[in-house]
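Next come the chains, spelled out residue by residue.
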Amino acid sequence: MSTKEQKERIELLQGTLDLLILRTLLLGPAHGHAIAKAIEFRSDEVLQVEQGSLYPALHRLIKRRWISVEEGTSENNRRAKFYRLTTKGRRQLALETSKWDKLAGAIARILRPTEEG
Amino acid sequence: MWRRKRMLQDLDQEIRDHIETATQENIDRGMSPEEARYAALRKFGNVTRIKEDTREVWSWVWCEHLLQDIRFGIRVFAKSPGFTAAAVFSLALGIGANTAIFSVVDALLLRPLPYAESDRLVTVSECSRPYDQSSKNEVAPGNFLDWRARNHVFEQIGAVELPGYSLTGSDRPERVLGAATSAGMLKLIGLRPALGREFEAYDDKNGAAPVVMLTHALWKRRYGSEPQIVGKTIQLDTRPYTVVGVLPEALTFPEPNVQLWVPLEQTIAPPEMHWHASHYLDVYARLKPGVSLAQASEDMSRIAAQIKREQTESNSGAAVLVLSLQDDLSGAIRPALLTLLVAVGFVLLIACVNVANLLLARATSRGKELATRIALGAGKARLMRQMLTESILLSFAGGCAGLLVASWTRRLLLAFRPESLPQFNVIETDGRVLLFTLAVCVGTGLLFGLLPALRSSTINLNHAASRSSTPGKSTQHLRDLFVAAEIAISLVLLAGAGLTIRSFLHLRATDLGFRSDHTATARISIPNDKYSKDEQVIAFYDQLLERIRGTAGVESAAMVSFLPLTGHNFDNSFDVVGRPPHPPDNRDYALVRFVDPQYFRVLGIPLLSGRGIGEHDRLGSRRSIVLSESMAKRHWPNTSPIGEHLMVYMGEDQAPWEVVGTVGDVRTSIAEEPQPTMYFPYAQFPYRFMVLTVRTHGDPQSMIETIRNTVAILDADQPIYQTRTLANLIDTNLVPWRFSMMLLCMFAAMALLLAAAGIYGVMAYLVTERTHEVGIRMALGAQPHDVLRLVVGQGAKLALIGVISGLLASLALTRLMSNLLFDVSTTDPLTLSVVALVIAFVVLAACYIPARRATRVDPMIALRYE
Chain W
1 MSTKEQKERI ELLQGTLDLL ILRTLLLGPA HGHAIAKAIE FRSDEVLQVE
51 QGSLYPALHR LIKRRWISVE EGTSENNRRA KFYRLTTKGR RQLALETSKW
101 DKLAGAIARI LRPTEEG
Chain H
118 MWRRKRMLQD LDQEIRDHIE TATQENIDRG MSPEEARYAA LRKFGNVTRI
168 KEDTREVWSW VWCEHLLQDI RFGIRVFAKS PGFTAAAVFS LALGIGANTA
218 IFSVVDALLL RPLPYAESDR LVTVSECSRP YDQSSKNEVA PGNFLDWRAR
268 NHVFEQIGAV ELPGYSLTGS DRPERVLGAA TSAGMLKLIG LRPALGREFE
318 AYDDKNGAAP VVMLTHALWK RRYGSEPQIV GKTIQLDTRP YTVVGVLPEA
368 LTFPEPNVQL WVPLEQTIAP PEMHWHASHY LDVYARLKPG VSLAQASEDM
418 SRIAAQIKRE QTESNSGAAV LVLSLQDDLS GAIRPALLTL LVAVGFVLLI
468 ACVNVANLLL ARATSRGKEL ATRIALGAGK ARLMRQMLTE SILLSFAGGC
518 AGLLVASWTR RLLLAFRPES LPQFNVIETD GRVLLFTLAV CVGTGLLFGL
568 LPALRSSTIN LNHAASRSST PGKSTQHLRD LFVAAEIAIS LVLLAGAGLT
618 IRSFLHLRAT DLGFRSDHTA TARISIPNDK YSKDEQVIAF YDQLLERIRG
668 TAGVESAAMV SFLPLTGHNF DNSFDVVGRP PHPPDNRDYA LVRFVDPQYF
718 RVLGIPLLSG RGIGEHDRLG SRRSIVLSES MAKRHWPNTS PIGEHLMVYM
768 GEDQAPWEVV GTVGDVRTSI AEEPQPTMYF PYAQFPYRFM VLTVRTHGDP
818 QSMIETIRNT VAILDADQPI YQTRTLANLI DTNLVPWRFS MMLLCMFAAM
868 ALLLAAAGIY GVMAYLVTER THEVGIRMAL GAQPHDVLRL VVGQGAKLAL
918 IGVISGLLAS LALTRLMSNL LFDVSTTDPL TLSVVALVIA FVVLAACYIP
968 ARRATRVDPM IALRYE
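Protein chains in written order, with this note's numbering: chain W, 1 to 117; chain H, 118 to 983.
Just so you know, not all the hints are guaranteed correct.
[As the list claims (entries may be wrong)] Straight-line Cα separation of at most 30 Å, DSSO-like style, residue types lysine-lysine; simulated pairs: (1) W/37 with H/168; (2) H/322 with W/88; (3) W/37 with W/81; (4) H/196 with W/81.
[Stated by the list, open to error] Simulated DEER-style distance windows between Cβ atoms: (5) H/551 with W/91: 40 to 50 Å; (6) W/95 with H/195: 51 to 61 Å; (7) W/91 with H/489: 45 to 55 Å; (8) H/228 with W/91: 44 to 54 Å; (9) H/228 with W/71: 39 to 49 Å; (10) H/593 with W/63: 45 to 55 Å; (11) W/111 with H/174: 51 to 61 Å; (12) W/95 with H/166: 22 to 32 Å.
Since the hints were made in silico from the structure, they are not lab data. These numbers were taken from a predicted model, which means no experiment stands behind them. A virtual CB, placed ideally from N, CA and C, is assigned to each residue, including glycine.
Put together the whole structure using the sequences plus the hints.
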């Protein structure tokens, strides 16, 4: 069915975003806006994430128990939800990172074959 | 649902905060507020879509589908109110009846007794045949003492006797039932006194200071719950007793109508405490932890064998029976309850079959709808889930209505309950019962829903989508099977009910051997202290009878030590003088009754030979007794016993009695053959507990107050108790029989009603389905009676199959209820044939109405139909 194809495509994109979120949370718990800003900042603003798409991703990560959520106070004294990396999430991040490295390496080899030879 | 709403709100809040924070940052960077907000929104993306995406992650799709199914189901049911009402009604009857009976079974058989570690509580009884509950007997004090001293299996063992006391010392003398209990009895069953202390070993001795514990009820009723009651004195049989404690509230041990406790061994003379010959104690014990019933039985059998060797003179070779207290208490009603449980199970089964049938019929007519849904891509699983959701929805509706039915049934149960069951008071719809109902709902929903659901998921698309909505052949077979099963099951129930009706009729028609109309009775007991001499007792009885006989409205009056049917009795062993005496452990026994000369006349017991008890049979004159017919026949099969002498072993009394006459037999229990009985003149052997029996011209009930006043004139401290009419006494005896009869009849009626409705439904549906066919037949010249025969013939075929299999099943099943029956064989041909006829009639009637409708089919309309 058609939905299946769509899902696979989305998953690839989502997977990337998930990885970035996990990596960001490795530095410590953060609320939604802070995560979005951190990703932008750390990628030298190259990656322009549509900030809203962060939320479905965050909820998906909660459901997989890779991150947890808790109530807290943001820097401007607002009640906010803070997301925190779980042990399981930490393991997943390591796994995803190595997978990403391999993928990136492989793609690089294909795109720039001359550098090898 | 609530959680979902909360999460949605949280998400909204979070997104709002995010955008506000971003806006603020933009403002800080120097944008105008409006510009800042736009930039933030642009950067965030489409808020609605993001919310949707997030919500999808929560994946409550399953739940939403269920809700959708439920909503759809409700809509479908609302559209066919007739179908829904029929199904819910069927289920309500079935589930309600089950809930009611379960609540009783739970309270009486399943729930542990309200005592600490009640699984270790047992009763210990003597029995004449090992392991045979029916030969159970009460325990001789001597045996109890030996058991207590020699057993290795009980943590604690105690005995109880139930003496009556006259409670005096305030405005109105009152007769109360006491429990004479061993020390520490309350601890034995695992309770503590509400106030004060319970009896200690030093209380439980002959000659110790008289002490008493009040039941909570007596304390409240007679002493206004006075907290200072402990240490005060009350008068029992004109002797002072010190109150040492108050028993816990709502205690039903050892009997619910006991009012006070006294220490056992204070009430029994020391030599008597060691007797092995007279059996009147109830013995309770708590097993040591880890000891099983079987181990306890074994240990007690060992002791019984020892006692038998030692007590060759008096012990009648007793074996010992150890029963769990719970089994012992509920033993009498267990067969009735189990039978009822099976009966309501059957009712529910019929209800299920009914609803399954309705669903099958509907699935056929819903064929198009279902086919459409399949064509649009609904999966089989999805469709089955839809159908099952609908059937469980139905069964829940049935369950809710069933709770109403259950509360009515329970009221009925309480109205017909046997008095002897104290636990009946605690029957209620609690969490356990509701849980049971819930389980029954889900179970029945699956049971009746599964088959139709399976069928609907195998719909042939082409077939269903085309014009026809007639069912496949296999559906028709299934429906026939259902109908036959309904007929069979209701036949089994009707047979059971019929048998109980017959035995009840037999019971009522049983000749008890005495007249019960216009007779009032009241019990009286003469205290030792006040009337210490036999002459005093006799004089009191004589005066009382004389006064009562002189009262207006009294036709005649008499006295007897034990009325028939009260369960109060005692028997004694005897030898016939001139015949070789029996060894003590192998003597013949006969019931003993002390009567006055008028007793036989008042109760209408016929004199068969010789003379009755005479006015001249008094202390000092020749000792005379009258025998019952069965006693005379048993010991003098071919000759007359008159003039013979009997040696009756009653305590220290050891002189022979001369037989002067014989009278007709009287039943001592309504369902048992009359027992051999010896009647003694009370004026020759004054007994201190007598029942006044007064035959009246008018209403006997109104005589009771007159009796009370007459007694009070003679002795103001003398209460009367157990006042009732004889008719009432017989009625009380019939209660347990009526209980199972009424309930079985009610459930059988339910079953018949449900089955009739079910069969009618199927037949009516069949006729509608075959309208086309009937139309063609009629167009081809079939007459109305041909059509009638066609439809009724189909019903008759099913009825025949159902009746035959039902008869076979009831032959097998009614055997299980043999101990609920009296004088009726479980295969009673009359009952079974009447029941079969009733069923056949009902089935044919249920077919006839739709058949008549079929004969009125207009061929033209029928052919144009579709």
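Restraint status (C-alpha distance of residue 196 of chain H to residue 81 of chain W at most 30 Å): The hint is violated at about 48 Å.
Distance restraint between residue 37 of chain W and residue 168 of chain H, which requires alpha-carbon spacing of 30 Å or less: holds, 20 Å
Status of the given 51 to 61 Å range, CB of residue 174 of chain H versus CB of residue 111 of chain W: violated, 34 Å
C-beta pair residue 551 of chain H, residue 91 of chain W: status relative to the range 40 to 50 Å that was hinted: holds, 46 Å
Distance restraint evaluation - residue 95 of chain W, residue 195 of chain H, Cβ atoms, bounds 51 to 61 Å: For residue 95 of chain W and residue 195 of chain H the Cβ distance comes to about 54 Å; the hint holds.
Restraint check for residue 37 of chain W with residue 81 of chain W, where alpha carbons must lie at most 30 Å apart: holds, 16 Å
Assessment of proposed distance window 45 to 55 Å (beta carbons of residue 593 of chain H, residue 63 of chain W): Given a distance of about 50 Å, which is inside 45 to 55 Å, the answer is holds.
Outcome of range test on Cβ distance (residue 95 of chain W, residue 166 of chain H; 22 to 32 Å): holds, 30 Å
Distance restraint hint 39 to 49 Å, applied to the beta-carbon atoms of residue 228 of chain H and residue 71 of chain W: holds, 46 Å
Distance restraint evaluation - residue 228 of chain H, residue 91 of chain W, Cβ atoms, bounds 44 to 54 Å: 51 Å Cβ-Cβ, so the 44 to 54 Å window holds.
30 Å limit on alpha-carbon distance, applied to hinted pair residue 322 of chain H and residue 88 of chain W: Roughly 75 Å separates the two Cα atoms, so the pair is violated.
Residue 91 of chain W paired with residue 489 of chain H, Cβ distance criterion 45 to 55 Å: Given about 50 Å between the Cβ atoms, the range holds.
Checked against the numbered hints above, the structure breaks hints 2, 4, 11 and satisfies the rest.
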